[in-house]
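Add chains B and C to chain A, keeping to what the hints say.
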Amino acid sequence: MRSGARARNHPAFWAFLVHRLSGILLAAYLPVHFWVLGMALHHAAGLDAFLRWTDQPLVKFGEWGLVLMLAAHLAGGLRLLALEFLPWRDWQKSLAAAAAGAALVVSLAFALAL
Amino acid sequence: MIYAVHSGLGAAQILARTQGSLVWLAFYGVFLLAVVVHVPIGLRAVLSEWLGWRGRSRDAALAAFALALAGLGGRAILGVFG
Amino acid sequence: MSVLRVRVWRGAEQGAYQAFEVPRQASQTVLDVVTYIQRALDPTLAYRFACRVGMCGSCAMTVNGIARWTCRTHVDKVAADGVLEIGPLANLPMVRDLVADMREFFDKWARAKGRFSGTRTRAEDFARVAPHSAARRDVDAAIECIGCGVCYSSCDVVAWNPDYLGPAALNRAWTLLRDERDGTRTARLHAVAGEAGCHACHTHMSCTERCPKHIAPTAGIAGLKRELARAALHGEL
Chain A
691 MRSGARARNH PAFWAFLVHR LSGILLAAYL PVHFWVLGMA LHHAAGLDAF
741 LRWTDQPLVK FGEWGLVLML AAHLAGGLRL LALEFLPWRD WQKSLAAAAA
791 GAALVVSLAF ALAL
Chain B
6 MIYAVHSGLG AAQILARTQG SLVWLAFYGV FLLAVVVHVP IGLRAVLSEW
56 LGWRGRSRDA ALAAFALALA GLGGRAILGV FG
Chain C
58 MSVLRVRVWR GAEQGAYQAF EVPRQASQTV LDVVTYIQRA LDPTLAYRFA
108 CRVGMCGSCA MTVNGIARWT CRTHVDKVAA DGVLEIGPLA NLPMVRDLVA
158 DMREFFDKWA RAKGRFSGTR TRAEDFARVA PHSAARRDVD AAIECIGCGV
208 CYSSCDVVAW NPDYLGPAAL NRAWTLLRDE RDGTRTARLH AVAGEAGCHA
258 CHTHMSCTER CPKHIAPTAG IAGLKRELAR AALHGEL
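Protein chains in written order, with my numbering: chain A, 691 to 804; chain B, 6 to 87; chain C, 58 to 294.
Quick caveat, the hints were computed from the structure, so don't treat them as lab data.
For clarity, every value in this text was computed on a predicted model and none was experimentally measured.
Do not rely on the hints blindly, as some may be mistaken.
[What the hints assert, rightly or not] Stretches of chain C that chain A covers, calculated by requiring three or more beta carbons in the stretch to come under 8 Å of a beta carbon on chain A:
1. 226-237
2. 251-262
[Unchecked claim] The list that follows gives simulated cross-link-like pairs (lysine to any residue, SDA-like), each with its CA atoms no further than 20 Å apart:
3. C:Lys134 / C:Lys270
4. C:Lys134 / C:Ser84
5. A:Lys750 / B:Leu48
6. A:Lys750 / B:Gln18
7. A:Lys750 / B:Tyr8
8. C:Lys270 / A:Trp778
All C-beta atoms in this analysis are idealised placements derived from N, C-alpha and C, irrespective of residue type, glycine included.
So here's chain A without its partners, still in its complex pose (with noise of 0.2 Å):
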C-alpha cells in the first residue's frame, strides 16, 4: 500500500520538491548554456544572433524562472545543510520559509535588473 498525497502536505516535503524540480530544471539548462557561451569561439554571429533572439519578453521571463531555480536551489541546498550541520532546533519550518523568501529576493533583483 502506497502513502496518499495527503501525507505528504507539509512544508519539509513542499521544500524537497522545490529543490529537486528546480535541481532536474538546472540540470537540463547547463549545456545548453554550455553550448551557448562555446558558440563564442566558432560562430560569433551566431552568439550575436541568438543574443538577440534571447531580447525577446517570453525569453526574459523564462531567464528569470532560471534565476529563480538558481536562487531557489541554493536557498534549498543552504536550509539543508543548516539543518545537518548546525545544532537541531524545532524551527524547520522557519528555515524553509526563510529559503523560499531569499530565493524569491534574489530573483526579483534579477528581475529589476533587466
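Just chains B and C, lined up with the frame of chain A:
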C-alpha cells in the same frame, strides 16, 4: 549575474568582460568544477528514486553526462576567455 | 444517530476496499470502528491491536491516506464528512486486510545495528551517565520509539528505495551512537552510511510530522550524517 545583466549581454559586451580576465576564469572555472561534481550526484538520486534506474548502467550514464558537461563547459571557457 | 461510511481494505496486494456502514458514537476512535465491523458486521476482518490506549503502537494503520495509531485517532478528527478509508500500513507487504508484515521493518532495524552491545561485565561498577550531557540529551529525545512503523510507513524514500533502512532504524542507531556505554561505534557507522543509510534521507520530514511519540527521526538522521562526516575527516572510517 546581476552584474552581467547590468553591463550588457551583447556578444561584444560579454567578451569584453571575459576575454583575458583571470578573475572571470577563476570564478567560472570553480563554477564548472562544482557543476561537474554536483549535478551527477544530484541526478543519481533522482534516477534511482523516480525512474528506478540503479546499478552500473546508471552510474556509467551519469559519468558520461559529467564528461559532456566538462567538455561543453571547457569549450565555453575557451570560447569566452581565450 | 448518524452513520459513518467506511471503506476497509480486504485481501492483500490483490484486494479491494469493502464498504461498511458503522453507527457513529461520541468520542469514537478509528479502532472502535474497526472493532465494531469485525464484531458486528464481518468476523473475517483481520486487524492488529493490543493495549488500545496509545502505548504499544500495534494498531497503526493508514487512515484516509495517513499513517496513524487508530486507538488514538478520534473519528471526529479525520472523518469530518462522515467518510473513512482504512488500510494497512503503507510501504510494507500485506498479510491480510489491515495487517501488514512488519518483518522487513525489524530486519532493517537489525541491519542498522540497532542493538545495544555493552562493554562492561557484571564484575564492574555501573556506568555513570550524566543525564544532562549533550550526548544523553540527544538519546533522551529519541529513545521513546516503540517500533510502531508509522514513520516507516510515511516515508517516501522508503517507498522509492527498497534498500533504505528507514527513519526508525536510523533513529535507533543514532540513540546507540550517542550512548557512551555502547561499544560498536565503527561497525554502526558503516551500517548507517551510504545509499541504503542516512545519506538516502532527503529531509522530507514526514517521519517527524507523523510520529505519534513526537520523536524527530530527521534530527537523528542529520546527526548520523554529521557523525559520518566527522568520522570520515578523522580517518575513522
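To see whether the hints hold, each was checked on the structure:
no. : hint                : in the structure
1   : 226-237             : violated (count 0)
2   : 251-262             : holds (count 4)
3   : C:Lys134 / C:Lys270 : 18 Å, holds
4   : C:Lys134 / C:Ser84  : 10 Å, holds
5   : A:Lys750 / B:Leu48  : 27 Å, violated
6   : A:Lys750 / B:Gln18  : 18 Å, holds
7   : A:Lys750 / B:Tyr8   : 16 Å, holds
8   : C:Lys270 / A:Trp778 : 18 Å, holds
Comparing the model with each numbered hint stated earlier shows that hints 1 and 5 do not hold.
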